[in-house]
Amino acid sequence: MTDLSAPSPNAPRRERGTAEIVAASLPRRRRKQRLLQAAGIAAIGTAFLVLFILIASLVSTGWQAFRQTHVTLQVYVDPAEIRAERLPRGGFDDVLTAALAELLPGVDLKDRKTRKKVEGILSNGAQFTLRDMVVADPGLIGQTVSLTVPVSDPYDQLAKGLIDRQTPEINRRLKDDEIAMFDQLVAAGVVSRPFNWGLFTNADSRFPELAGLKGALMGSFWALLTCFVIAFPLGIGAAIYLEEFAPRNRFSDFIEVNINNLAAVPSVVFGLLALAVFIGWFGLPRSAPFVGGMTLALMTMPTIIIATRAALKAVPPSIREAALGIGASRQQVVFHHVLPLAMPGILTGTIIGLAQALGETAPLLLIGMNAFITSAPASPFDSATALPTQIFIWADSPERGFVSRTSAAILVLLGFLVVMNAIAIYLRQRFERKW
Amino acid sequence: MVDMAAMGTTMKDMHQTDRNPTMTEPKISAKNVNVFYGETHAIKDVTVDIADKTVTAFIGPSGCGKSTFLRCLNRMNDTIDIARVQGTILLDGQDIYDPRIDPVQLRAQVGMVFQKPNPFPKSIYDNVAYGPRIHGMAANKAELDDIVESSLRRAALWNEVKDRLDAPGTGLSGGQQQRLCIARAIATSPEVLLMDEPCSALDPIATAQVEELIDELRANYSVVIVTHSMQQAARVSQKTAFFHLGQLVEFGDTGEIFTNPRDPRTESYITGRIG
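Chain order of the listed sequences is A and B. Counting with UniProt numbering, you get residues 1 to 435 for the letters of the first sequence. Counting with UniProt numbering, you get residues 1 to 275 for the letters of the second sequence.
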């Protein structure tokens with residue numbers, strides 16, 4: 001085209017046409033673009049790989065905790081050991097040991113050492129299971145009942161293949177004769193490995209085979225409920241005022257900056273604050289999910305305020321003008337139009353804030369929600385742990401059985417987080433408005 | 001009644017002769033209105049009277065302040081923090097910037113239709129019923145139904161939507177949406193209807209429908225329309241005000257302004273030399 005058009009006198013003469021110049025630069029541009037794309041794919045690939053390794057390692061150690069080795073015994077509730085008038089006391093452990101010994105020919109219970117070993121096969125909780133059964137129905141005394149009870153942690157490990165039989169006896173948790181006893185039980189066909197419901201229906205315990213997440217789940221539930229009840233209305237109220245009603249001046253700028261700062265404060269600081277104010281000043285109980293919830297609310301509120309303000313800002317001004325133009329008051333504009341349109345965004349932000357709160361550990365440690373508590377809380381004011389602090393406790397425990405339970409608890413926590421984030425995404429997609 | 005403060009007395013006298021004798025009382029009377037956006041002086045000393053049952057067009061190049069002035073008439077500028085309005089604007093002799101006047105009440109009397117159709121993301125019925133509902137204009141459902149139907153009829157939309165009043169208002173075509181917005185604005189029976197470039201987002205057919213509608217609305221309302229299109233001003237209005245750089249340059253009968261402008265700036269604009 002340069003050939004055709006007469007070159008204007010003040011334009012620089014060009015040797016090459018536009019198309020040629022552009023064509024010359026194209027390979028370089030294309031290369032850069034390919035490089036950028038490759039880098040992006042590599043980044044995503046790395047992220048997924050790390051995630052996969054994390055989940056894989058958790059599942060590989062944690063899956064064992066979802067099954068629990070049980071042994072089924074035909075227990076003769078011996079009236080000589082257990083008498084109706086003495087309930088709930090009685091020799092339940094002796095009865096169980098006797099039932100176990102029936103399955104182990106050649107074992108002499110008279111020998112104290114051997115007896116101790118036989119007793120050690122069953123979980124410490126087995127006698128309480130039997131006790132509760134008999135207390136509920138004293139008519140069982142003198143009868144034979146079929147009872148499936150968990151075995152103690154070392155035998156659970158053995159059944160799951162986590163104890164290497166090749167290890168020299170001296171270094172092994174279970175000695176040769178103990179393994180032989182267990183093998184006898186397996187041969188008798190009384191050992192089973194059903195799904196470990198106890199993981200969800202039991203509270204914490206010193207014995208890994210009895211320890212469950214119920215207390216932590218309930219504790220987290222009460223704490224999150226408290227957090228939601230406090231942070232949601234306060235956060236939305238603050239955001240509505242700041243976004244819709246507050247005059248724009250130095251003071252509101254100051255508040256805005258500080259709310260953003262608050263969102264970035266390390267959570268352990270909120271824990272210290274809660275310890276000093278809620279527990280120290282107000283005298284609220286330690287380890288209570290209610291206090292935990294209030295602490296988490298302090299952290300969640302800035303998140304909710306920021307998300308709500310963003311959602312309110314995203315509502316097009318034309319909707320506000322339309323409502324104002326008809327004669328709606330500012331309060332009506334907000335509550336009839338802006339807030340309903342912003343709600344999906346607000347809920348998304350809230351759920352993400354709550355998911356963050358669910359995984360928060362540090363502030364709960366400071367207010368004592370890492371205590372050892374063997375019963376699930378019935379109210380937000382009872383002592384409890386929460387999921388992340390339970391993981392913390394279990395990770396700290398020396399018993400081998402807690403290793404897989406820690407991983408299992410992490411999987412449960414991750415499961416809840418995934419579900420919450422999925423709900424947030426669903427809400428965002430489902431209620432997203434197109435203008 | 002047309003106050004041409006900027007002009008000489010002879011011109012004013014001359015203009016008085018072509019006044020419509022039925023328009024004795026102005027519906028809206030603005031005196032020495034100044035508007036500031038922060039430091040910017042957006043409206044400079046505008047004095048104008050707007051008659052009842054008349055279509056008044058505000059024309060002028062972009063940024064001349066015509067929309068800003070329109071938004072003074074129902075105090076929509078109140079929502080802009082940095083906007084400051086000086087001077088007096090009387091609606092039926094009552095100062096609308098009087099502290100005792102609640103803008104909510106004013107806006108129920110002075111309806112507004114915006115440049116871009118902005119129906120609420122609600123049903124067609126709820127869009128129209130919103131104003132009557134919040135102001136408590138209908139005692140029961142039947143009355144509200146009546147208001148919705150008559151508003152949609154007057155906005156020439158009833159026949160197109162009567163079978164789908166529950167459908168979302170945002171699902172209508174652009175022209176239908178704008179007529180829905182007009183129906184919504186007239187549902188509260190305002191006395192004045194302000195229209196800020198109501199056809200700028202519409203195609204020619206929808207524009208023609210809306211213009212026809214504006215002409216019909218004149219029977220009941222005082223209509224003030226801001227428009228970029230001089231042809232539109234010529235088609236729909238009886239009175240035209242020409243704004244330039246924040247000033248009201250010329251105001252008079254539409255025919256007069258377009259055929260015999262007195263100010264050279266007006267002439268330049270309508271002949272296409274500025275703007």
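Incorrect hints may have been included.
[Unchecked claim] Which residues of chain B face chain A? A few of them, derived with a C-beta cut under 7 Å, are:
| id | residue |
| --- | --- |
| 1 | D81 |
| 2 | V104 |
| 3 | M112 |
| 4 | Y125 |
The set of hints was computed from the structure by calculation and includes no laboratory data. All residues carry an ideal CB built from backbone N, CA and C; glycine is no exception.
Each hint, compared with the structure:
With a cut of 7 Å, the hint placing D81/B at the interface with chain A holds, because the nearest CB-to-CB distance is about 6 Å. The interface hint given for V104/B is met, as the beta carbon of that residue sits about 5 Å from the closest beta carbon of chain A, less than 7 Å. Restraint check, M112/B versus chain A: the minimum CB separation of about 4 Å is within 7 Å; hint holds. Taken as an interface hint, Y125/B does not check out: its beta carbon lies about 15 Å from the nearest beta carbon of chain A, beyond 7 Å.
The earlier numbered hint that this structure contradicts is number 4, and it is the only one.
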